[in-house]
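> Protein chains in written order, with my numbering: chain A, 21 to 344; chain U, 646 to 980.
Derived CB-CB ranges, DEER-like:
hint	chain 1	residue 1	chain 2	residue 2	range
1	A	E60	U	G822	52 to 62 Å
2	U	Q792	A	G147	33 to 43 Å
3	A	P192	U	H706	17 to 27 Å
4	A	R102	U	D836	49 to 59 Å
5	A	N56	U	F663	44 to 54 Å
6	A	Q307	U	I797	30 to 40 Å
7	A	T93	U	E693	49 to 59 Å
8	U	P659	A	E232	29 to 39 Å
9	A	Q307	U	D829	21 to 31 Å
10	A	Q307	U	V658	53 to 63 Å
11	U	D872	A	L143	25 to 35 Å
12	U	L972	A	L87	52 to 62 Å
Which bits of chain U does chain A cover? Going by a derived footprint, with three or more residues having C-beta under 8 Å, they are:
hint	segment
13	663–672
14	798–804
15	811–821
16	938–952
17	958–968
It should be emphasised that the hints constitute simulated quantities derived from the structure, not laboratory data.
Quick reminder that beta carbons are idealized off the backbone N, C-alpha and C, glycines included.
Residues per chain, in single letters:
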Amino acid sequence: MTDKDRFVPDEGLAPASTALPGGAGPLEEFTKPPSNQWREVWDQFKNHKGALYGGILFLVIVLWVYLGPVIWTIDATHIDIRARNQGPGFSHPFGTDQLGRDTFARMMAGGRTSVSVGITAMLLALGLGSFVGVMAGFFKRLDGPLMRLTDLFLALPLLPLLLVMMLLFRDPLNSAFGPEQGIFILIVVAIGVTSWMPTARIVRGDVLALKEREFVLAARSIGTTNTKMILRHILPNVLSPIMVSATLGIATAIITESALSFLGLGFPPDFPTWGRLLFDATDYLQQYPERVFWPGLAISLTVLSVNYLGDGLRDALDPRIRGR
Amino acid sequence: MLTFTIRRLVLAVPTLLFISLVIFLLLELAPGDPMAQVPLTVPPEVKEKMREALGLGQPMHIRFWKWIVQFFWIEPQVLIDAVFGSSFSAGDLRVISWQTRSPVMDIVVQRIPQTLWVVGTAYLVGILIAIPIGIYSAYKQYSWFDQTGTFISMIGFSVPPFFSGVLVIVIFSVNLGWFPSIYDTTHKVVDWDSFVTQLQQMVMPVMVLALQITAQISRFMRASMLDNLNQDYVRTARAKGLGETTVVMVHVLRNSMIPVVTVIALGVPSIFGGAIITEQVFKVNGIGQLLIGAIQANDLPMVQTLTFIFAVLIVLFNLIADVLYGLLDPRIRYD
Chain A
21 MTDKDRFVPD EGLAPASTAL PGGAGPLEEF TKPPSNQWRE VWDQFKNHKG ALYGGILFLV
81 IVLWVYLGPV IWTIDATHID IRARNQGPGF SHPFGTDQLG RDTFARMMAG GRTSVSVGIT
141 AMLLALGLGS FVGVMAGFFK RLDGPLMRLT DLFLALPLLP LLLVMMLLFR DPLNSAFGPE
201 QGIFILIVVA IGVTSWMPTA RIVRGDVLAL KEREFVLAAR SIGTTNTKMI LRHILPNVLS
261 PIMVSATLGI ATAIITESAL SFLGLGFPPD FPTWGRLLFD ATDYLQQYPE RVFWPGLAIS
321 LTVLSVNYLG DGLRDALDPR IRGR
Chain U
646 MLTFTIRRLV LAVPTLLFIS LVIFLLLELA PGDPMAQVPL TVPPEVKEKM REALGLGQPM
706 HIRFWKWIVQ FFWIEPQVLI DAVFGSSFSA GDLRVISWQT RSPVMDIVVQ RIPQTLWVVG
766 TAYLVGILIA IPIGIYSAYK QYSWFDQTGT FISMIGFSVP PFFSGVLVIV IFSVNLGWFP
826 SIYDTTHKVV DWDSFVTQLQ QMVMPVMVLA LQITAQISRF MRASMLDNLN QDYVRTARAK
886 GLGETTVVMV HVLRNSMIPV VTVIALGVPS IFGGAIITEQ VFKVNGIGQL LIGAIQANDL
946 PMVQTLTFIF AVLIVLFNLI ADVLYGLLDP RIRYD
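If we strip away everything but chain A, and leave its shape as in the complex, we get (with noise of 0.2 Å):
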């Protein structure tokens, strides 16, 4: 006791105004409200450089292929034979394909459909995932039988078994929906449904977690139902981790639509995606090399923005890092 009493200096009595510097200001702090949640994990995301320049460039791909066509008005299926394979120029930038169309204006086409089926098959993705965990996380008896469907997803052959689904049920689909809706759906369902299962495991892991807290505790005991429960409670409070799968979610199904396209199982020919496009240029690889280059790198771009988005957000979601 006496050797504590000695080193503990003598200011707890002292008035703050001497001990902190600014302390005898107006009480301005107090009088502010208190800073929203969002606006501290915006000023931690911020802080994040990588996923900071990650995110403008997404932005900055999604307009472009959106929105360009606005400004770049050579439609991506216009056949000019007399212009093939030629070089970058002012009248085309990135060149044109064997049979004389505008890579510029494919490689925007092909950025779209590629952006929707990522962006599409995330979210379908994401609502299978956010379903199950919720649903096993939340109520005890449906824990077992979710998370044992959850291992035998994990256990399945995943390409393989996209490769047999893309063959098996795409000529049904197509006389159904149209070549090229049928083709959509197929790729959106079948990279949603073979993707949610890392997602389901982490939300069910947050809200079982989430489950022992009082307040939880204290909206069961005011009579709160349990659909008003997961809603109000405990999704807004799971949102973090399925923000953080939502965006690398992106970057895994913008990989597999372009690999199952570059495995000539994906889009038909005539339709093109960053994965179809690196898929016809490597006929092209002798005498044109260059060609492979726009689609791989658009897509090695985005993948690598979105991967540093989630990153970032995943640093700037955890409070026990925010602030740091």
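Position chain U relative to chain A; hints supplied.
Chain U only, in chain A's frame:
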């Protein structure tokens, strides 16, 4: 530990049966017709005979049962016969490929060495590069080495193999002319020169695969090292005067390897099945290419058997990873 292993092994049986049923039903519900390639001039009754010859005449559950018997009972007998020269399986019907009319497992056995050579080497190379990078990145956290390592592994995550593969072909094969762009599987290693040729044709696929493997494992290694470097036992080890090398390379490394070893074990199934795209890019005729070819030719027994083999490997190595985790880390007790 033993009870846990046995329990998991017993649980693996229904899992695998269910997976085989899913694969079977998926292929069964498929609208594809194996007779689609047969010319229209062939009369319908002959077509019906051909269908029966392929084993398609019977109802679904009987064919599923036959496949199970062939895969789990007859094929192991064939394996025993091949090893010991006995004749248990004489006269039994094996799983037959519709493409080649020869047993599926024989083709798989022919294709496995190519896959193992290329993908296995890449896996080893990737691990050997990743572990030192992970250790040093964690030891010098936020240094320029760490930042570069993070960036490179982000690239490894983001650049898909069908782009990096094509890119290295453009650079090293088209422009520089150092390595052949197509992997020659008929090449036999007999002397030093042919060994050098074999190495040359392996460099590019191995490079592409190793980049991805390195990216993943070095991230894991770094995270695991960082977890351990801040532990109290590290301070104790330093305080009692151990050298920095001993502290990091013995105390911290051994503890950090525990999760990394399980991650490595979990990745082994991908050696056999996951390199489908890389094999396609470099024209390595391994297992992955066999699957693609079978899918395009509508060869259902082949697709079913291959997909199921991948599933068996995934389940098996998941089990191995769990058991390894328990063996390596005495804090974890399953019982």
